[in-house]
Structure formats: C-alpha cells, structure tokens
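J.: Protein chains in written order, with the numbering used here: chain A, 1 to 119; chain P, 1001 to 1112.
A portion of the hints provided could be inaccurate.
[As the list claims (entries may be wrong)] Cut-off 20 Å, straight-line C-alpha distance, at most; resulting in silico cross-link-like pairs (DMTMM-like, lysine to aspartate or glutamate):
1. P/K1036 x A/E78
2. P/K1099 x A/E56
3. P/K1109 x P/E1067
4. P/K1056 x A/E52
5. A/K11 x A/D24
6. P/K1099 x A/E68
7. A/K14 x A/D63
8. P/K1036 x A/E68
9. P/K1059 x P/E1017
10. P/K1057 x P/E1067
11. P/K1051 x A/D106
12. P/K1099 x A/E52
13. A/K14 x A/E78
14. P/K1036 x A/E44
15. P/K1099 x A/D106
16. A/K57 x A/D106
17. P/K1070 x P/D1083
18. P/K1070 x A/D106
19. P/K1099 x A/D1
20. P/K1109 x P/E1015
21. P/K1057 x A/E44
For the record, the hints were derived by calculation from the structure and aren't laboratory data.
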Amino acid sequence: DTGVSQDPRHKITKRGQNVTFRCDPISEHNRLYWYRQTLGQGPEFLTYFQNEAQLEKSRLLSDRFSAERPKGSFSTLEIQRTEQGDSAMYLCASSLAPRPTGKSTDTQYFGPGTRLTVL
Amino acid sequence: GQQVMQIPQYQHVQEGEDFTTYCNSSTTLSNIQWYKQRPGGHPVFLIQLVKSGEVKKQKRLTFQFGEAKKNSSLHITATQTTDVGTYFCAGYGTSGTYKYIFGTGTRLKVLA
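Bound conformation, chain A alone (with noise of 0.2 Å):
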C-alpha cells in the first residue's frame, strides 16, 4: 500500500454514460498525475496538477475527459459519454515536488488504479 487511494476499484458501465474517479493522494504531496493504462502497454499520461493548478493536459484527450483537484488534495477524474475505447485502467500517482535544494527525487506513489469496463 503505497498510501494513494482510488475509488471505485472497478467499474463497469455501458457506452454513453457518464463515469466519476476519485484519487486521494498522499497528504503531503502536491503533484497529482492521471494516467490510463491498456494492456501491455506502459502508462500514458493523462494530465497533471500541481496543488489545485491542472499544469498540462495531453492532447490525446477529447472534450469528454475532464479532471478536477478542488483545494488542491484528492482529485476526480470524469468520462462523459463513455466509449468502448475508454476501457482500461485508470491510474493516479502523487509526488512530493523537489526543493531547489536537497536530493528529493519527484517519486510518484502510483494507486492500484481503478479499471473501467464499458460495455
């Protein structure tokens, strides 16, 4: 248990609706990632924040993916209008920022993700 949590664990829906993840990272940290996973493949990135800033978003996203990190602790992400494509796994990860001094690495603590079926 690496300290992040995400909810649901697991989620099956059918196409068109709407779906919701939750991440809570660890409490310290103020970098949070997204990222979906597909079978075989490595971790692709999805977005990032720092605190409650949303710094980068990748442009492999359409419109129907949105994430949120109000207050700058846990974090949702949203899939409107699912598609059978959007299955995979959905990861989060969190990471203490370095300081400009000290050799902190930015380590991120990945969740056990939540895997989202669409039908």
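On the provided structure of chain A, position chain P as indicated by the hints.
T.: Quick look at chain P alone, frame taken from chain A:
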C-alpha cells in the same frame, strides 16, 4: 510528440542469467525514472537518474543514463524469480512541465 521506446519487448531468462533492458527517447530528457510493475499490480518506483552519464546501483540492479540524456539502461545481474515483472522507464522533456512519458516496457520472465 515525444516518444520513449524500450527493447526488448519481452525477455525470458533462466534464473541466474543476466538481463538488460534499453530505453530510448526521441527527445532529450530532464531525468529518467525506472519503475517495476508486477502482474496485476501498479508501477513501483525503483530509481531516478538526473545527470548525463550517471550510473547508479541497487544491489543486483545497475542503471545508466546516457551522455546525451536520450537513452538509459537497466541491467540485472543473476536474475531471481522475484525479478519477474514489467520494467518501465519514464521521463519528461526540457520544456519545463512535468509531463512524464512512459516507455513501452520490457516484460521479464524468469524460469526457475
């Protein structure tokens, strides 16, 4: 866009043999991180390299960052069955954002 490729895609070794996976980026990286993902699990951080030409060791694992900061390698000496899993490299470019791009991964199987 930035792409990170890893070779080989799969590797089967006998226990006790050595293993190496190579990571190649299409663009210069600010850093390189390595992760291990066990079947059914999530990626687990192994190490980060930042400096050009940097080499780090963790017991039987040796990590190297290329001089041009566009490639990296992970070498495991005398593999054990506990080394089974998929190894991913990941890094972000020099544009100033922390958009990590993960490699395609190398899946290692160790035969006892």
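J.: Which numbered hints are broken by the structure, listed smallest first?
T.: Result: hints 1, 3, 4, 8, 17, 19 and 21 break, sorted rising.
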